[in-house]
Structures are given as C-alpha cells and as structure tokens.
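S.K.: Sequence order for the protein chains is A and B.
For the first sequence, position 47 matches number 47 in our numbering, and the numbering has no gaps at all.
Plus 1000 on top of the position in the second sequence (first one is 1) and you've got our numbering.
Please note that the accuracy of each hint is not assured.
[Claimed, not checked] Short, incomplete list of chain B residues facing chain A, as computed with Cβ under 10 Å:
| # | residue |
| --- | --- |
| 1 | Tyr-1023 |
| 2 | Ser-1048 |
| 3 | Glu-1060 |
| 4 | Phe-1083 |
Quick caveat, the hints were computed from the structure, so don't treat them as lab data.
Cβ coordinates follow ideal geometry from the N, Cα and C atoms, glycine included.
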Amino acid sequence: MEVDLIFKVAAIGIVVAVLNQVLIRSGREDQAMMTTLAGLIVVLFIIVREISTPFDTIKTIFNL
Amino acid sequence: MDIFKIVIIGIVGTVLAVLLSDYRKDFAMMIGLITGIIIFLLVADLLSKTLTSLINMLNEADVQFRYLDVALKIIGVSYLAKFAGQICRDAGEGAIAIKVEMAAKIIILALSLPVIGALIQLVIQILP
Chain A
1 MEVDLIFKVA
11 AIGIVVAVLN
21 QVLIRSGRED
31 QAMMTTLAGL
41 IVVLFIIVRE
51 ISTPFDTIKT
61 IFNL
Chain B
1001 MDIFKIVIIG
1011 IVGTVLAVLL
1021 SDYRKDFAMM
1031 IGLITGIIIF
1041 LLVADLLSKT
1051 LTSLINMLNE
1061 ADVQFRYLDV
1071 ALKIIGVSYL
1081 AKFAGQICRD
1091 AGEGAIAIKV
1101 EMAAKIIILA
1111 LSLPVIGALI
1121 QLVIQILP
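Same shape as in the complex, but just chain B (with noise of 0.2 Å):
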C-alpha cells in the first residue's frame, strides 16, 4: 500500500528535520522541502489517473461541463500557492507566505472571470 510508504516518509523526515532544525534551520528547511515533494509525487501518478478517468465518464454521459479546464486550472494554481506558503511559513517568513498567497488568489479571479462573465450574460438573457 502506498499510505504506509507516505506515512514512513513523513515520519522519517519529521525526525531528520527535528534532529537538524537545533543546529542547522536551513538544512531542517530544505528536509521539508524535499520531504514535501517525494510525497506529492508518490501521489501525482494517481492523481493525473482519477482526473483523466473522471474527464472520460463526464464525456461518455454526455454532460456538458463549459468549465472544467478553468476549474482544472484553479486547483492547480492554489495548490502551487498553498505548497509555496506552507514552506515558507515553516521557514518563520509568514509575510512572503501571505504574499505568495495573495498573488494565487489575484490569479484565480483573473482565470474566473470569463465564468462571472457568462453569469451575468445569463441573468441579463433571463431578465426581460
């Protein structure tokens, strides 16, 4: 099973990063960091699967579905943004953190904006 790999991994890192964080913070910092992508990418391969197979029975139901790849587009932004922040605010720099965070949420209102605008066409069409 692969929880148990993760588990194993997070642990061990945890530990090495403890151990260090007294001497060294930048090494303890950098142990996060990789720790961080080993395990995403434990998971990624699993990931790309479920979104492709979930794209495959929304087509075969024939379900109409205008904006997946904006909404696609948005988890991947804020989950870019949230992995950045969490180092950085391990790393005691909440205030880059915040930034980072903030530029991700500018970016994903520019990305929705197309959908806010198909709304608002919708409602116009609607009202008489």
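Bound-form chain A, shown alone (with noise of 0.2 Å):
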C-alpha cells in the first residue's frame, strides 16, 4: 500500500534527526550536515517519483 510511502519518511526524517544530533554532540558538525544531506536526497527521490502520478491522472481525467 503507498500508506508506507508516509511511514518511510518519517521514518529517515527520524533516523537523520538522531543521528544529527549525536554527531553534533560529538563534535563532528560536518559528518552531520553530510547526513542531513543524505537524508533529504533520499527524500527526495522518493517524492519526485510519486509526484508525478497526480499529474498524470489529473491530465488525463480533465483533457488538460
């Protein structure tokens, strides 16, 4: 079910919030930006897939 797409980024937005600040903590602020980085290309990937579905069935339901 896409349900788990919500889950799936929450999920990494979690997983990249701890460990920013275990290594902020750490004292290794630029190993944390790198994560934060990371996380958010991730992200990212899965979004842009999946916006494009709504587009589409848009286009094709009112003949834009």
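Using the hints, put the two chains back together into the complex; each one sits in its own frame.
M.R.: This is the structure we're talking about:
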C-alpha cells in the first residue's frame, strides 16, 4: 500500500534527526551536515517519483 | 468505506508532520506533500468515474453543452494550482504561493477567452 511512503519518509526524518544530534554532540559538524544532505536527497528521490502520478491522473481526467 | 481510510491517513500524516516539525522542517513539509498525493490518488478513480458518467448522462439527454471541455480544463488548472499553493504556504513561502495562484488565474482567463468571445457575438447578434 502507498501509505507506507508516509512512514518511510517519517522514519528517514527521525533517523536523520537523531544522527544529526549525536554527531553534533560529538563535535563532528561536517559529518552531521553530510548525513542531513544524504537523507534529504533520498527523500527527494522518493517524492519526485510519486509526484508525477497525480499530475498524470489530473491530465487524463480533465483532458488538459 | 474509503472515508475511514482517508481520515486515518490524514490523522497519521498530521501526527508525523507535527512530530518532525520540531527537528526538521523540510521532512515535515515532504510528509505533508506525500499525504496530499496519497489522499488525492484514493479519490481520483471516483472523480474520473463520476465525470464520465455525468458526460454520458448529458449526451443521453441530448443536452448541448458546448463548453464542457473548457469548464473541465479550468477545474483541473485550479485544482493543481490550489494544491501547489497550499504546499508552498504550508512551507512558509506565501509569496511563491500567491504567484502560482496568479499564474493559474491568468491561464484560466486565457482558457475562458473563447467563451467570452461567443457571449459577445451572441449579444451583437441579438442587438439590431
């Protein structure tokens, strides 16, 4: 089911937030930033694939 | 029932977005985006069935609705623009949202230009 996508994005967000906190506390700011960037890119890939489906549906429904 | 599914998806998406918005605003925005997409996909099938049956009913009753395709296009444009505008506004970019909606209004004006032209033609024909 597609509802899994919400949980997937939320899980990635929580993991990235925790990793970010841990890495910043241990004084590795640059690695913390890299982790944030990697998480953002992964989520962006998931979203971009999904975002085209409603656009295609609307296009076919309303003959745009 | 589909409505229970939609309600539960909305509540779960809201809880997750609120949970994440304290730590990472960007992920919260993406959860809102994907929740909106999933809810739309759940009702998209019903919407297309309803529209096709409405068009079939109009055809069977022999009602001439000349500008139905223009009306459908305008509804589609406004729905898409509203969706994008709400996402932008939720992420705190009110200026981009207003620009998206203004572009949609211009496109709707351009789409409805033939209808306005036909109306003016009709008025000119009626007036002697």
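S.K.: Going by Cβ atoms only, is B:Glu-1060 closer than 10 Å to chain A?
M.R.: violated, 20 Å
S.K.: Less than 10 Å between beta-carbons is the criterion; does B:Phe-1083 satisfy it with respect to chain A?
M.R.: Given a least distance of 8 Å, the restraint on B:Phe-1083 holds.
S.K.: Could you check if B:Tyr-1023 really has its C-beta closer than 10 Å to a C-beta on chain A?
M.R.: Hint on B:Tyr-1023: holds, closest Cβ of chain A at ~4 Å, below 10 Å.
S.K.: Going by Cβ atoms only, is B:Ser-1048 closer than 10 Å to chain A?
M.R.: This interface hint holds because 5 Å falls under the 10 Å limit.
Checked against the numbered hints listed earlier, the structure breaks hint 3 alone; every other hint is satisfied.
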